[in-house]
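Protein chains in written order, with the working numbering: chain A, 10 to 356; chain B, 10 to 356.
No lab work stands behind these hints, which were simulated from the structure alone. Everything hinted at is true.
Any copy, or any two copies together, can satisfy a pair, since identical chains are not distinguished.
Below are the BS3-like pairs computed for lysine-lysine, each with C-alpha atoms no more than 27 Å apart in a straight line:
no.	residue 1	residue 2
1	Lys-267	Lys-44
2	Lys-314	Lys-266
3	Lys-44	Lys-266
4	Lys-44	Lys-116
5	Lys-293	Lys-266
6	Lys-267	Lys-293
Note that the coordinates shown come from a computational prediction; the quantities given were computed from them, not determined experimentally.
There are 2 protein chains.
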Amino acid sequence: MSFTGTIPGITAADSDQFESALMTFVGARELPLYKMMAYHLGWANQNGEPERSAAQDRSHGHLVLATCRAAGGSNESAMPYAIAVELVHNFILVHEDVQNANTERNKRPTIWWSWGPAQAINAGDGIHAMARISIFEQRNAPPPVSDPRRISMALQSLDAATLEVCEGEYLDISFQERAAVGVEEIVGVARKHGALLGAAAKLGGIAAGSEEAALNALESFGVAVGTARNLNIDLKALWPDEENVRDEVQRGRLQSKKKSIATAHAIENGSPSTRRRLGEIFMKRVLDLSDLDEVTTILAETDSKSFSEKRIADLTGQAISALADTGFSDGHVEALTQSARQIIRSA
Amino acid sequence: MSFTGTIPGITAADSDQFESALMTFVGARELPLYKMMAYHLGWANQNGEPERSAAQDRSHGHLVLATCRAAGGSNESAMPYAIAVELVHNFILVHEDVQNANTERNKRPTIWWSWGPAQAINAGDGIHAMARISIFEQRNAPPPVSDPRRISMALQSLDAATLEVCEGEYLDISFQERAAVGVEEIVGVARKHGALLGAAAKLGGIAAGSEEAALNALESFGVAVGTARNLNIDLKALWPDEENVRDEVQRGRLQSKKKSIATAHAIENGSPSTRRRLGEIFMKRVLDLSDLDEVTTILAETDSKSFSEKRIADLTGQAISALADTGFSDGHVEALTQSARQIIRSA
Chain A
10 MSFTGTIPGI
20 TAADSDQFES
30 ALMTFVGARE
40 LPLYKMMAYH
50 LGWANQNGEP
60 ERSAAQDRSH
70 GHLVLATCRA
80 AGGSNESAMP
90 YAIAVELVHN
100 FILVHEDVQN
110 ANTERNKRPT
120 IWWSWGPAQA
130 INAGDGIHAM
140 ARISIFEQRN
150 APPPVSDPRR
160 ISMALQSLDA
170 ATLEVCEGEY
180 LDISFQERAA
190 VGVEEIVGVA
200 RKHGALLGAA
210 AKLGGIAAGS
220 EEAALNALES
230 FGVAVGTARN
240 LNIDLKALWP
250 DEENVRDEVQ
260 RGRLQSKKKS
270 IATAHAIENG
280 SPSTRRRLGE
290 IFMKRVLDLS
300 DLDEVTTILA
310 ETDSKSFSEK
320 RIADLTGQAI
330 SALADTGFSD
340 GHVEALTQSA
350 RQIIRSA
Chain B
10 MSFTGTIPGI
20 TAADSDQFES
30 ALMTFVGARE
40 LPLYKMMAYH
50 LGWANQNGEP
60 ERSAAQDRSH
70 GHLVLATCRA
80 AGGSNESAMP
90 YAIAVELVHN
100 FILVHEDVQN
110 ANTERNKRPT
120 IWWSWGPAQA
130 INAGDGIHAM
140 ARISIFEQRN
150 APPPVSDPRR
160 ISMALQSLDA
170 ATLEVCEGEY
180 LDISFQERAA
190 VGVEEIVGVA
200 RKHGALLGAA
210 AKLGGIAAGS
220 EEAALNALES
230 FGVAVGTARN
240 LNIDLKALWP
250 DEENVRDEVQ
260 RGRLQSKKKS
270 IATAHAIENG
280 SPSTRRRLGE
290 IFMKRVLDLS
300 DLDEVTTILA
310 ETDSKSFSEK
320 RIADLTGQAI
330 SALADTGFSD
340 GHVEALTQSA
350 RQIIRSA
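With the sequences and hints as input, model every part of the structure.
Now the structure itself:
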């Protein structure tokens with residue numbers, strides 16, 4: 010099983026340890042509901058039989074381990090938090106697949122496509138409720154991890170970030186029906202969705218017993234990484250890595266008229282005829298594949314791709330600058346810098 | 010504004026205080042996402058303008074206040090927990106409306122019907138994430154409420170109950186496609202959904218500083234009340250109070266072939282021809298109104314209504330018995346007994 014999100018700040022052994030902890034946590038429960046979750050997480054086929062899926066992104070969980078290590082903490086302290094953030098990330102994906110009508114994710118049928126939307130909504134709700142249950146286990150860990158005020162701070166950070174993602178999702182969906190969406194509106198949504206990587210980075214620090222200044226720096230770092238990553242997800246949907254091969258999730262986002270920083274730039278800066286043409290395309294109920302080709306052609310004319318890449322580079326720079334306030338050693342700062350680049354690039 | 014769930018254990022002033030606290034908590038946030046929530050909770054119209062809807066059930070929040078009072082605690086201590094449980098209950102309703110394709114709830118269009126399924130799924134997720142945020146405020150309350158171990162226990166109880174509701178929901182949905190569903194399977198699902206009233210009763214005790222024995226008794230009380238109430242919800246869908254007038258939620262449940270204790274009883278105990286006829290009806294993809302009439306006619310022949318009422322009465326008795334282990338005064342036990350009857354009846 011390969012992880013697209015394995016990052017320089019942690020080793021392959023760390024990644025295996027995380028995967029094993031996550032499997033144990035979800036697998037400890039017996040009902041078929043949990044088989045559906047195991048399917049989504051890439052450990053089982055649709056019949057619940059063990060079967061590893063090709064690629065799963067674990068950036069959120071791995072970032073918790075990486076920041077905890079940089080802050081001097083152990084994998085053991087970080088693990089319940091890593092599980093919690095990874096599960097929150099995945100409940101959002103399960104619901105997003107229903108919301109965008111994605112039939113496939115990671116080259117396999119989605120939960121809603123296999124079991125229907127009612128089960129998919131419920132499976133997502135279950136993953137959401139489970140996320141924090143792993144954190145309560147921290148009460149039995151050695152201090153300072155077991156400090157109830159730290160556990161409570163972690164829970165609060167995670168819920169606040171989840172709520173911010175929901176705020177972003179509200180805007181993202183409402184932008185689908187608007188032609189004129191500005192660049193800063195798009196960056197604002199990307200930042201709200203990025204709150205979850207902000208929580209991931211912070212929770213690693215909480216697990217390690219970091220002080221407030223370092224926690225704030227870690228959160229700023231994670232939010233900037235998350236913002237850049239989310240903008241890059243949209244760019245990759247427009248210009249996929251493997252030439253002209255968009256996966257189902259990328260196609261679904263574009264066809265349902267989710268806006269990107271590049272389309273927002275073209276709408277703000279294009280000539281009147283460019284803007285009119287984009288407006289006509291976005292007036293359609295659902296876009297077809299030839300519309301997507303026309304959109305990318307227009308975006309090339311308006312230099313919107315290079316504009317977007319510049320903004321992503323700026324955010325990457327902001328993330329790296331934030332690390333200066335963590336007080337971490339140069340070696341750890343360098344590892345997290347590389348991790349940040351990897352998480353943004355692998356979007 | 011009237012509340013169908015105002016219960017004998019609390020006064021109208023308590024109910025107003027709760028409503029005001031809930032409104033303040035949700036209303037403190039500015040984005041349109043929260044206007045959608047305010048609409049669902051009955052305080053605003055679809056444009057976000059203040060407008061009170063006719064009837065809202067607040068049994069979950071009110072039960073927290075009632076058990077906290079019985080345990081010697083104040084409304085102030087109970088309020089954040091009451092808000093949390095009420096919000097969890099409501100996130101489940103918002104998602105249920107999508108899952109069952111209910112176009113109306115409380116005689117008004119549902120969120121998904123007004124804003125689409127994607128926004129409704131997201132609004133539910135947001136309410137879910139908000140639920141616990143009110144609990145973190147308890148850290149600033151006077152002891153014993155601010156004791157972080159008690160706050161953590163409350164959070165864990167709430168998440169565990171939410172996960173149990175999701176387990177029940179999984180079964181409930183999967184039963185839709187099966188004709189033969191047994192009485193005990195149905196009672197098991199009702200009990201899992203009842204976990205949330207169990208958490209409500211327990212959280213009132215936690216707010217009041219109750220000891221473990223009383224907390225366990227309160228949880229048993231609440232789960233039994235919740236189980237009986239859920240069974241009664243299904244009975245009322247089959248045999249509504251106002252003769253032959255089913256609301257949209259009741260119709261949606263029946264037409265999507267959600268099973269009830271009464272249909273399960275008829276399937277287990279009916280004659281071969283009764284069972285075959287029920288099987289034929291439940292083989293249809295969606296039931297129409299004449300099918301529902303035939304189902305109720307069959308259930309009358311098999312005495313399934315009286316069987317179900319007997320089981321609900323037994324569960325009510327179990328709930329009341331559990332109160333003996335709380336150590337509460339006779340007056341408080343009597344108030345909670347009346348509250349239990351009211352919550353079950355007003356299903």
